[in-house]
Structures are given as C-alpha cells and as structure tokens.
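Each chain, letter by letter, is given below.
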Amino acid sequence: MGHSLAMALLQAHTSETVTEPGQIVQCGVDLVLANDITAPLAIDSMERMGAKRVFDSERVVLVCDHFTPNKDIDSAEQVKRVRDFAARAGIRHYYEGGACGVEHALLPELGLVGPGDLVVGADSHTCTYGGLGAFATGLGSTDIAAAMVLGETWFKVPPSILVRLEGKPQRYVGGKDVVLHLLGRIGVDGALYKALEFFGPGIASMDAEARMTVANMAIEAGGKAGLFPADEVTFAYLWSAGRRNDVALAADEDAEYESSLSIDLDQLEPQVACPHLPDNVRPVREVKDVPLDQVVIGSCTNGRISDLRQAAEILEGRTVAPGLRLIILPATPRIYRMALEEGLLEIFSRAGAVIGPPTCGPCLGGHMGILAGGERCLATTNRNFKGRMGSLESEVYLSGPAVAAASAVAGRIRRPERI
Amino acid sequence: MSGTARIRSSKKEASMRYTGKAHRVGDHIDTDAIIPARYLVSTDPSELGQYCMAGISPDWINGVAQGDILVAGANFGCGSSREHAPLALLGAGIPLVIARSFARIFYRNGFNMGLVLMEVGDQADALREGDQLQADAEEGIIRNLTSQQEIQVRPLPDFMRQILESGGLVPYVRKRLESTASG
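Residue numbers (my numbering), protein chains in the order written: chain C, 1 to 419; chain W, 1 to 183.
By construction, these hints were calculated from the structure, which means they are not laboratory data. There could be a bad hint or two in this list.
Residues of chain W placed beyond 12 angstroms of chain C at every Cβ, according to the derived structure [said to hold, decoys possible]:
1) Asp30
2) Thr31
3) Ile61
4) Gly63
5) Ala85
6) Ser101
7) Asn112
8) Ala126
9) Arg128
10) Asp158
Quick list of in silico lysine to aspartate or glutamate cross-link-like pairs, DMTMM-like style, CA-CA up to 20 angstroms [stated by the list, open to error]:
11) C:Lys156 <-> W:Asp158
12) W:Lys175 <-> C:Asp293
13) C:Lys386 <-> W:Asp59
14) C:Lys52 <-> C:Glu16
15) C:Lys156 <-> C:Asp30
16) C:Lys80 <-> C:Glu47
17) C:Lys52 <-> C:Asp74
18) C:Lys156 <-> C:Asp266
19) C:Lys168 <-> C:Glu232
20) C:Lys386 <-> W:Asp44
21) C:Lys386 <-> C:Asp266
22) W:Lys21 <-> W:Asp131
23) C:Lys156 <-> W:Asp44
24) W:Lys175 <-> W:Asp136
25) W:Lys21 <-> W:Glu150
26) C:Lys156 <-> C:Asp117
27) C:Lys156 <-> C:Asp84
28) W:Lys21 <-> W:Asp158
29) C:Lys80 <-> W:Asp44
30) C:Lys168 <-> C:Glu417
31) C:Lys386 <-> C:Asp279
32) W:Lys175 <-> C:Glu47
33) C:Lys168 <-> C:Asp293
34) C:Lys52 <-> W:Asp136
35) W:Lys175 <-> C:Asp44
36) W:Lys21 <-> W:Asp59
All C-beta atoms, glycine included, are put in the ideal place defined by N, C-alpha and C.
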C-alpha cells in the first residue's frame with residue numbers, strides 16, 4: 001500500500017518501515033514546543049524522570065503566551081519557572097514579553113517550522129503547522145517532557161481522510177469558513193485518531209496563512225494532523241521567514257484513504273459555529289437575529305496579518321455598535337508592527353476597538369475579555385465550548401475575521417456583504 | 001462484592017482491577033468542562049481535583065467518592081492538550097474512565113499519568129448512573145454488578161500496557177535514561 005502524506009512524513013522520521021495505519025512507530029522529532037501552562041508540568045515530569053538536559057537546546061521552543069502579560073501571581077510564578085528552566089537548560093528559543101506572540105503564529109513567522117518536519121507541542125493547536133506541510137500534533141506535558149529528553153516519541157500511524165478542495169473562494173470567504181464548513185460536515189469526532197489531508201485545485205487559491213487556519217482546527221474534528229502538501233505558495237512564505245532549504249514530501253499515487261470528501265469553494269458562504277460545539281455550523285445567512293456583547297479578533301486561528309487586513313477593510317470609516325466591545329489581539333509582535341505601519345491599528349482604534357497585546361488571553365477564558373453570565377461573544381478563535389470564555393452561562397460563536405468585523409459594526413451576527 | 005470474580009495473586013494484575021460506582025457523563029465532554037482554564041494556575045492533582053467537572057457544574061464533584069468510575073460517551077476529553085484534565089480526575093479520586101471513545105491527546109495523557117482508560121464503543125450505553133462496576137483493564141472485561149451484565153472489549157495494546165507496567169511514562173523514561181547512563 002502506498003503512503004499517504006501522513007505516512008510519508010512519519011516514514012521520514014523513523015527507522016522502522018511504515019506499512020499501515022494502526023502500527024505503532026518510534027519517530028525522531030525536529031522540534032518540541034510547550035507554553036506557560038503546559039511547560040511547568042513538563043518541567044516537573046523531566047525532573048521526575050531524572051533528566052539533566054534536553055536532547056537539543058536549539059530544538060526545544062518555550063513560548064509564554066497563554067496568561068501573559070501575567071494575569072495574576074500564580075501565572076507569574078508559572079512563567080518564572082519556565083524562564084528559569086530555559087536559562088538553566090540553555091534553551092535558545094524562549095519567548096516572553098515583547099518578543100512573544102501566540103505560539104502557532106510565532107513559530108512559522110520565525111522560520112522554525114517547515115515542510116517535512118515532525119513537530120510535537122504541548123498544545124492541541126500544534127497541528128497548525130500542517131498548513132506548511134509539517135506533521136505536527138499536540139501531546140500532553142509528560143509526552144512532551146519525554147520528547148524533550150529523548151528527542152523522539154511514539155505514534156500510532158493514522159488512517160487519512162482525503163479532503164478535495166475545488167474552485168476558488170469568493171470575497172469574504174477564507175480558511176476559517178472552509179474548516180468550519182468541514183467541521184459541520186464531519187463533526188467534532190469526525191477525524192478522531194485520523195489525519196485530514198487536503199489536496200486539489202482549490203489549494204492554489206489559499207495563501208499559507210489560510211492553510212494554517214484550516215490545519216489549526218483539525219483538532220476540532222479530533223484529528224491527529226491536518227496536512228497540506230507544500231507547493232510554491234508554501235515556499236514563498238518560508239522564504240519570507242528566512243528558510244531556504246526545504247523539500248516537499250508528497251503522498252504516493254497509490255496511497256489508500258479511509259474516506260474522502262470534496263468542498264466546492266465557489267459555492268462556500270461565510271460560516272459561523274453556534275454554541276456550544278465547533279461543529280454546530282451553519283452559513284451566516286441562516287443565523288437568525290443574534291445580538292452580541294463582545295467580538296474578539298485574534299488567536300492562533302485568525303490573528304495573522306491577512307486576518308487583520310480583512311477586518312480593517314470592513315472597519316475602515318465605520319464604528320463599533322453602541323454597547324459592544326470589540327477586542328483585537330494581533331497574534332505576534334511582528335504582526336502588530338505590520339498592522340501599525342499599514343495603518344490598520346488606527347482604523348481599529350477609530351472604529352472603537354480595544355487593541356490588546358499578542359496573547360491567547362480570552363480565547364481560553366484566561367484574561368483580557370472574559371464573559372459574564374448571559375453575555376454573548378463572536379470570536380475568530382477555535383473553540384466555543386460551554387464556559388470556554390468565562391461564565392458557564394455565556395455563549396461563544398465562531399467565525400472568520402470578515403464576519404466578526406461586520407458583526408461588530410452591526411451589533412449582531414451579520415454577513416459582510418450586508419454592511 | 002467481588003465474590004464472583006477470580007482473584008489473581010499477581011500484584012501487577014491486581015493494580016489493573018477496579019471496583020466502584022459509575023458516574024455518567026455525555027458525549028464530547030471537553031477538557032474545559034473537566035477542568036476550566038481559570039484553574040490551570042496549579043499542577044497539584046488534589047487542588048485540581050476539587051474543580052473536576054466544574055465546567056459541567058461546580059457541584060459535580062460532591063457526589064464522587066474515592067475509587068468511583070467515570071463512564072462517558074463519545075470523544076471524551078476533546079479539546080486542549082492540558083494534562084491537568086487527567087490529573088483533575090485522579091485528584092478527584094477517579095482511577096478509571098470507561099468511554100464510548102476518547103479524544104486522542106487525552107488518551108495518551110491518561111495512560112502517561114496513570115489514569116486507566118477503557119474504550120468500549122456502543123456498550124457504554126449499558127452502564128448507568130449509580131451502577132456498581134468491576135473492571136479488569138488488562139483483560140478488557142467490565143462486570144456490571146448491578147445489572148449482572150458483562151462487557152468484553154479488546155485487551156490493552158501492548159505498548160500502553162508497558163507504560164502502565166512501568167508506572168506511567170515518567171518511570172518508563174527514567175528507566176531508559178538509567179540504562180543508557182549505566183550502559
């Protein structure tokens with residue numbers, strides 16, 4: 001049986017012969033990632049393992065992005081632990097303060113991930129790098145501790161679901177709409193233990209950022225990875241991130257897939273996920289009157305420069321609806337500076353938005369935009385579980401940046417065309 | 001109450017057997033429900049255990065006794081990679097989760113932390129709130145002492161058993177490091 005892209009990527013990192021899904025293989029890893037919530041547990045586990053050092057101080061990345069700028073004493077203590085460990089272990093890629101951004105936006109722009117890489121992170125959205133052709137997946141802190149020490153981990157070879165993208169998306173339709181639509185079709189466990197592999201002519205019309213948005217939410221279908229084959233678009237992005245020597249891996253022509261489906265981008269409308277699961281998806285057109293208290297634009301899903309540009313296009317010359325809070329969090333310092341230089345931050349400020357620092361913040365109900373009971377938020381983030389952003393009595397809807405910006409202006413969920 | 005079960009002498013096997021009362025939760029119970037993010041400023045299981053399932057109800061934990069067994073629907077533990085989720089369950093006194101299916105990161109985390117997980121598919125429906133259960137995770141057998149029914153699933157994969165036999169992933173790696181250092 002030929003290799004799927006997932007199998008080809010695992011094969012490139014193991015001395016065993018990858019033959020079929022279900023097989024357990026030991027793989028060497030290229031990069032190991034943890035954040036301010038998950039690194040402290042990994043450090044604990046490393047100490048209990050009796051490990052004195054990491055396998056390679058250049059290949060362990062620590063990003064303090066979740067509760068930073070530190071929201072309280074406990075979170076400050078956690079970050080201090082990570083910082084002290086990084087210094088002790090000689091970790092080159094430690095990020096905090098003005099160098100820090102949301103990890104899955106930060107690593108690609110720093111050129112730390114690329115096609116063919118095997119990346120494991122103690123964060124479920126590590127699958128984002130599949131948008132660049134890397135096999136990347138989230139693990140728990142102790143698995144990450146073992147990978148930090150040994151430079152390897154085990155994988156059960158996943159079966160793959162083939163997702164064929166046809167056509168070209170219309171204006172105001174982006175990566176988020178593609179992945180929300182997919183989630184609506186296959187459900188929050190539709191890719192459980194499996195890899196989602198995207199291919200087809202529609203890929204060419206999606207930039208690297210849109211692909212990362214799609215790959216980012218593979219986990220929302222239970223997926224182990226969401227993979228795009230690297231192409232010229234990928235290599236152009238990697239070039240801008242300072243990478244020069246990447247090589248693309250591809251699936252074999254006789255690869256077998258567990259199932260396949262196809263999405264016609266021409267026909268795709270802006271989508272929204274309604275409370276309280278990311279697969280409760282419908283076209284924005286079909287969502288009845290939903291007044292909003294808050295809109296958040298940011299996160300590892302949609303806090304990149306293309307997302308901010310799309311929001312600014314709608315917000316320019318307009319103002320946020322009375323009584324609604326619009327919170328915009330550029331995902332990295334570099335994105336922040338680009339938004340500043342391009343005049344986007346001025347547009348946001350004049351529209352009445354709160355512009356915050358790069359942080360995961362409200363996405364996981366950490367800080368900087370927590371919801372009270374009975375409040376309703378539309379966010380460009382990735383999860384709308386009950387209580388995710390605050391009170392158990394609050395509601396979160398998910399969309400792309402164009403719908404979020406239009407809805408902030410309207411004060412209720414609205415299609416961008418109707419602004 | 002274990003009179004009908006064969007008693008085995010092996011310590012290892014005894015450590016994979018559990019008896020307790022079933023607590024049922026539904027499908028797609030996510031890690032934010034198991035332990036909301038606002039409590040992730042601690043890594044202490046007993047502290048996390050106080051807030052176990054606070055995302056469903058802060059009172060949920062009050063009905064749980066040491067050694068009780070959680071029975072869940074599909075995709076249990078979906079969402080974030082936080083290891084605080086299995087730690088919160090262990091801290092709440094729950095040693096075993098039986099589910100229709102598990103989210104993949106949670107599945108790895110559970111075994112790595114020493115929380116035993118049994119995936120039983122549709123047979124999860126036969127286990128009801130308050131049933132007295134007796135489970136042998138190694139053999140893949142669950143006896144419902146209340147309904148007198150028995151569920152048989154596939155035994156644990158060898159690899160997972162090796163990790164559990166070591167006492168979790170931490171001792172597993174420690175042994176490996178020690179053998180490298182001495183060899």
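We went through each hint and held it up to the structure:
no.: 1; hint: Asp30; verdict: 5 angstroms, violated
no.: 2; hint: Thr31; verdict: 8 angstroms, violated
no.: 3; hint: Ile61; verdict: 15 angstroms, holds
no.: 4; hint: Gly63; verdict: 18 angstroms, holds
no.: 5; hint: Ala85; verdict: 9 angstroms, violated
no.: 6; hint: Ser101; verdict: 6 angstroms, violated
no.: 7; hint: Asn112; verdict: 4 angstroms, violated
no.: 8; hint: Ala126; verdict: 21 angstroms, holds
no.: 9; hint: Arg128; verdict: 23 angstroms, holds
no.: 10; hint: Asp158; verdict: 9 angstroms, violated
no.: 11; hint: C:Lys156 <-> W:Asp158; verdict: 13 angstroms, holds
no.: 12; hint: W:Lys175 <-> C:Asp293; verdict: 54 angstroms, violated
no.: 13; hint: C:Lys386 <-> W:Asp59; verdict: 16 angstroms, holds
no.: 14; hint: C:Lys52 <-> C:Glu16; verdict: 28 angstroms, violated
no.: 15; hint: C:Lys156 <-> C:Asp30; verdict: 18 angstroms, holds
no.: 16; hint: C:Lys80 <-> C:Glu47; verdict: 16 angstroms, holds
no.: 17; hint: C:Lys52 <-> C:Asp74; verdict: 26 angstroms, violated
no.: 18; hint: C:Lys156 <-> C:Asp266; verdict: 36 angstroms, violated
no.: 19; hint: C:Lys168 <-> C:Glu232; verdict: 17 angstroms, holds
no.: 20; hint: C:Lys386 <-> W:Asp44; verdict: 24 angstroms, violated
no.: 21; hint: C:Lys386 <-> C:Asp266; verdict: 33 angstroms, violated
no.: 22; hint: W:Lys21 <-> W:Asp131; verdict: 6 angstroms, holds
no.: 23; hint: C:Lys156 <-> W:Asp44; verdict: 30 angstroms, violated
no.: 24; hint: W:Lys175 <-> W:Asp136; verdict: 26 angstroms, violated
no.: 25; hint: W:Lys21 <-> W:Glu150; verdict: 15 angstroms, holds
no.: 26; hint: C:Lys156 <-> C:Asp117; verdict: 17 angstroms, holds
no.: 27; hint: C:Lys156 <-> C:Asp84; verdict: 34 angstroms, violated
no.: 28; hint: W:Lys21 <-> W:Asp158; verdict: 28 angstroms, violated
no.: 29; hint: C:Lys80 <-> W:Asp44; verdict: 17 angstroms, holds
no.: 30; hint: C:Lys168 <-> C:Glu417; verdict: 18 angstroms, holds
no.: 31; hint: C:Lys386 <-> C:Asp279; verdict: 13 angstroms, holds
no.: 32; hint: W:Lys175 <-> C:Glu47; verdict: 13 angstroms, holds
no.: 33; hint: C:Lys168 <-> C:Asp293; verdict: 33 angstroms, violated
no.: 34; hint: C:Lys52 <-> W:Asp136; verdict: 37 angstroms, violated
no.: 35; hint: W:Lys175 <-> C:Asp44; verdict: 17 angstroms, holds
no.: 36; hint: W:Lys21 <-> W:Asp59; verdict: 18 angstroms, holds
Violated hints for the displayed structure, listed by number in ascending order: 1, 2, 5, 6, 7, 10, 12, 14, 17, 18, 20, 21, 23, 24, 27, 28, 33 and 34.
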